[in-house]
Structure formats: C-alpha cells, structure tokens
Amino acid sequence: MFQVRIHGRGGQGVVTGAEMLSIAAFLGGRHAQAFPSFGSERTGAPVVAFCRMDDKPIRLREPIMEPDALIIQDPTLLHQVDLFAGLRRDGYILINTNRSFDELGLGEFVKDFRHDRLLTVPATEIALKHVGRPVPNVPLLGAFAALGGLVTIDAVHSAIREKFSGKLAEGNVAAADAACRFVLEEEEAARHAQAN
Amino acid sequence: MLKQTEGSRAVAEAVALCRPEVICAYPISPQTHIVEGLGEMVKSGALSRCEFINVESEFAAMSVAIGASAAGARAYTATASQGLLFMAEAVYNASGLGLPIVMTVANRAIGAPINIWNDHSDSMSQRDCGWIQLFAETNQEALDLHIQAFRLGEELSLPVMVCMDGFILTHAYERVDMPTQQQVDAYLPPYEPRQVLDPDAPVSIGAMVGPEAFMEVRYLAHAKQMQALELIPQHAAEFRSIFGRDSGGLVRPYRCEDAETIVVALGSVLGTVKDTVDELRDSGERVGVLGITSFRPFPLAAVREALEGAQRVVVLEKSLAVGIGGIVSTNVRMALSGLHLHGYTVVAGLGGRAITRASLHRMLRDAIADRLEPLTFLDLDWKLVNNVLAREKQQRRSGPIAEGMLRDVGVVASRVS
Chain H
1 MFQVRIHGRG
11 GQGVVTGAEM
21 LSIAAFLGGR
31 HAQAFPSFGS
41 ERTGAPVVAF
51 CRMDDKPIRL
61 REPIMEPDAL
71 IIQDPTLLHQ
81 VDLFAGLRRD
91 GYILINTNRS
101 FDELGLGEFV
111 KDFRHDRLLT
121 VPATEIALKH
131 VGRPVPNVPL
141 LGAFAALGGL
151 VTIDAVHSAI
161 REKFSGKLAE
171 GNVAAADAAC
181 RFVLEEEEAA
191 RHAQAN
Chain X
197 MLKQTEGSRA
207 VAEAVALCRP
217 EVICAYPISP
227 QTHIVEGLGE
237 MVKSGALSRC
247 EFINVESEFA
257 AMSVAIGASA
267 AGARAYTATA
277 SQGLLFMAEA
287 VYNASGLGLP
297 IVMTVANRAI
307 GAPINIWNDH
317 SDSMSQRDCG
327 WIQLFAETNQ
337 EALDLHIQAF
347 RLGEELSLPV
357 MVCMDGFILT
367 HAYERVDMPT
377 QQQVDAYLPP
387 YEPRQVLDPD
397 APVSIGAMVG
407 PEAFMEVRYL
417 AHAKQMQALE
427 LIPQHAAEFR
437 SIFGRDSGGL
447 VRPYRCEDAE
457 TIVVALGSVL
467 GTVKDTVDEL
477 RDSGERVGVL
487 GITSFRPFPL
497 AAVREALEGA
507 QRVVVLEKSL
517 AVGIGGIVST
527 NVRMALSGLH
537 LHGYTVVAGL
547 GGRAITRASL
557 HRMLRDAIAD
567 RLEPLTFLDL
577 DWKLVNNVLA
587 REKQQRRSGP
597 IAEGMLRDVG
607 VVASRVS
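Chains as they are written, first to last, in the numbering used here: chain H, 1 to 196; chain X, 197 to 613.
Derived from the structure by calculation, the hints contain no laboratory data.
Watch out, some of these pointers could steer you wrong.
[Stated by the list, open to error] Once the Cα atoms are required to be at most 20 Å apart in a straight line, the calculated PhoX-like pairs of lysine-lysine come out as:
(1) X:Lys-589 - X:Lys-579
(2) H:Lys-56 - X:Lys-420
(3) X:Lys-199 - H:Lys-163
(4) X:Lys-579 - H:Lys-56
(5) H:Lys-129 - H:Lys-167
[As the list claims (entries may be wrong)] Quick look at which bits of chain X chain H covers, simulated, 3 or more residues with Cβ under 8 Å:
(6) 366–380
(7) 457–468
(8) 544–552
[Claimed, not checked] Interface residues of chain H toward chain X, partial, derived using beta-carbon atoms under 8 Å:
(9) Glu-19
(10) Ser-22
(11) Ala-32
(12) Pro-36
(13) Pro-63
(14) Phe-164
In this text, a Cβ means the ideal position worked out from N, Cα and C, and glycines have one as well.
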C-alpha cells in the first residue's frame, strides 16, 4: 500500500486533488481510496485529504498517520501545522514553492531524507499561467506523476477530464504537463550535475 | 461497470437505477451530495418519470414521501442527524402505515454539542421505529443495499433505512461496480402496492385504532420484521446470482471459525477491524469479526450461532446509550442469553473520533487478557474529562462544558487527524 497525505488550505482544491489522484490510480488498475479530513470547510483554513493506493482492495479507513508521500499545497502551513507527522525518512515530500528546502528552513529537517524524493514545484505559478487561478492541486499531481511508477501523466490527464470539462479541463491538463516537465527537467539537471 | 467515484454519487446512481418516482429532499450534511446528484439527474432527464420535490424541512420530506408512497409511487429520501430527529414523528407514521419508502441515513452524530461528523447515534435513536435498518460496510455495499432495500421494503410493505457512515463512506472515493439498468430491472420488479390512494377505488389510509386492535396492528409490524429475517438472506442470494457479488444478508462472519475472541461491529469500521484482526491472527491470536448488516430486524439466531463458540465478545459501537452504555451490545447480549462468555462494550468513534488500528490493537490485547473494563470508551481523553470535573468541584458557575473543553484543547487545526 502507498499512502499520500495532501495538505493545503480551503479553496486550493486539496480534496479534489486527492480524488483525482485516486481516479488516476484506479485508471492504472489499482485499488484506491480518497477521503477528506472532514473538517468544517472554510476558505483559507488548513485542510487535509488522503489517498491510499494498493494492488488489493483497501479496507482500512483510519486517517493516514504514516504517509509514504506528502504533497504540501501551501508552504505557509509549514510552521502552523504538524505537516511531517508520521513521515518516514524514505518518504517523498512535494512542496508547492519556488524556493528550495534550505530556503524554506527545512534543510536540517530533511538532511537524512533521500534527496531524490524531495521536490519543489512552483505549482501556483504554473496554475496561474495555464488555468488562470491560483489552484495548485493539479500541477502537483502532474509533478507527482513525474516521480514515476504510481500514476502516469496520461492517467492524471484522464482524471482531470473526469472532474472538469472544456477549457478548464484543458487548462489543467496543460498545467499538469508543465509541472511534470518541470520535475523531469530538474531531475535531468541534477543527474547532469552529478555526472560532471 | 467499474468506476472510481464518491460514495454519495454511487448511491445516487444506484437509486436512479431503481426507477424512483418521487424524491423528496432537504439538505443536511453529510447526506446532501446524494440528493444533489439525484436532482441533477432528474433535471437533465437522465432520470425520467421522476418528480424531485424540494421541501421546507425533514418533517416535510418524510411527509411528502408518505403521501407519494400512499399514492402508489416509489418514494425515496435521505437525511442525517438532527434531520432524522426532526422527521421522527413522520418516520413512525411511514412504518405504522406500512409504506415502503427507502431512505438513506448518512450517519452523523446528534447534538448538542453540534457536530457534523460520523457516528451511529442518529439511526440508533430510531431503532425501534418499525423501519428495517441495514448498515453498509463499503460504498459498494451501500449502493447494493439500496437496490435490495426497494425490493425488500416493497415485498413486505415496510420502509427501509440504508445506513452508511457519513463522510467516511459518503465522501470517500473508491472503486464500485455500478450495475446495469438491465440487472436492476431483473432484480427489482415494478412497485405493486398492497394499498393505494386511488380516486377510482377510494380507501382511507391511517385510521384511528383503539385498544380493540392496536396491539394486533403492532404485532403485525413485528411479524413482518420476522418475515424479513427469512427474506433478507434469500434476497442476498438472488442478488448474488444476478450481480455476481455478496452484498447484504443478515450478518457477515470473518475468521470466526475457531475464534476465542470475536469483535462485533456495524458499518465502515469493519474494514479497519478486519485489518487489525488479520495482524492479530498473524501473531497467533484466535480473533474473528462479526459484521451485523441487518440491525432491524435484529438477527438473534444468526448472531448467537456466530458467537456461541467464542470465549469473549467485544461489541465495538459508534453509539452510546447514556446511563447504561451500549445499544448494539444490549441487543447482542439478548442473542447470547444463557451462554457463559465474557462480554465487553467498547464505545468508539463518537462524533468522528478516528478509530485506528493502533487503538484497536491495544484494546483487543486488553480484551484477550480479560483486562478490559466491561464498558470502555476507546481513546477517551481522561485529562479533558477530569479538568471539567475539577472545575465543577471548585466552583458552582463552572460554565458550559463544551466551551470549557475547547479552551482546554486549544488549537486543533494543526493536527493531522
């Protein structure tokens, strides 16, 4: 089982993001379960949503307390919410920001983590460019697809088109692609730097 | 067809496949997505020959459903929590009159204090109202039970409540196998009412009945539920032959064969309990689970048969009978009359408190060692409770309990669960 916890604020599409991730996993032939943290939703308030994926039916219904991956849609939560609770050292962290882990003040915290699993993506900027609104959820799913293995970018496209239609769907597809490319280019640059 | 969708959406589509003719709706969380989905289908024409009636309250929702059902229409509504309480008088009328309305209860706690999250207090408050009550373990079962509910209710002329955990199921996206219209039509014949308000053949429905026959009418309500005990397994078997999967039935035992300890529970928590039981089995503990799907009628014989070989029974329930303890456990004890075994009541998950594997492990280890209190409140924060008790001891004007506790808890937004 692979467990993803998504943190963000009301209005950023946190719950929809988890739902689309589950659709993408389903389209890839996996069992998936997405659910919100069921708070009283208010715009701007901290929101958590969860997504589990597995090759067999998922019976477990507890909140995800030991995630394999964290998607952080809003870096202003870093010092307000216990975002990293339960995360293992070989876990993935994907943050919507144009700053680095060091610049965010997380350098010390993540020093024992696998660096190829720590990612930052300017998802809000990408969303503004392609969707016209600061909703980082879909670009972050595109970036997540770039991590490889769990969901493909094609499945993310299909999930987007299940949730949205018309121009909104196509804008989000373009945003997912842009974020996916961003991650792949960063990885390529990192490999290149290492080779040199 | 397999699809990944929200529980509420899956139920809305299943209800639509049952060809309802009147849907009455008043919004209340966490039920709202279901009737919103049906409203969209009626408006778009995807669900034809159906009237969607927005009403002014839950009392009106059930009253309109009663009128529609008495006029011979297949009627559906959905509610939760205070909504169910607000319609309570009409809920009793629907069953008393023998009208086979189907209603989803998206289970939610009852206030005060106001709380939108899941537990079973709402359905349990209506357990003796004469409706059949079926509890769903998964979204697949929730949608399947609605199809079975129309069939069962109409065959017996009794209303059926399908209970599904609010948020945990209603708002969860998971894989469901959506039946075809052809399959549902093969399983569910058109509604043939035993009584109908028809201007061409006038009758009155709802006579006043005095002491001369009131007990007999009430007895028949009980006798019909006893008939349901026979029909529910038959309908589940027939469902399996058409839809190819197990859904519904009276009870569902899991790894109970040689179990010394059996956990009894209802609804979506069964999944987490089964995962916990598998882990305990791996460490050599003989533990099993009994899921109760039909809470009304309560399957005394089936429950007894599943539990009589055990040494101890732990009833895990999301409800509390204030002043005595468990509701489900009181019913289970009735099934175990005369048997000598250890019985434990564990009240858990009230008002949306997460029920985790870690907590279940701790509790079951205590149960297996017979260290568990007869009535246990899972993960109760004793510090919070004792703070209030201390304040009440110190001063007469100790203030409102809920507000005081929230001040003691502090900021909760920073927590993950």
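Cross-check of the supplied hints:
no., hint, verdict
1, X:Lys-589 - X:Lys-579, "holds (15 Å)"
2, H:Lys-56 - X:Lys-420, "violated (40 Å)"
3, X:Lys-199 - H:Lys-163, "holds (13 Å)"
4, X:Lys-579 - H:Lys-56, "violated (40 Å)"
5, H:Lys-129 - H:Lys-167, "holds (13 Å)"
6, 366–380, "holds (count 5)"
7, 457–468, "holds (count 5)"
8, 544–552, "holds (count 4)"
9, Glu-19, "holds (5 Å)"
10, Ser-22, "holds (5 Å)"
11, Ala-32, "holds (6 Å)"
12, Pro-36, "holds (6 Å)"
13, Pro-63, "holds (4 Å)"
14, Phe-164, "violated (15 Å)"
The structure fails to meet hints 2, 4 and 14 from the earlier list, while all remaining hints are met.
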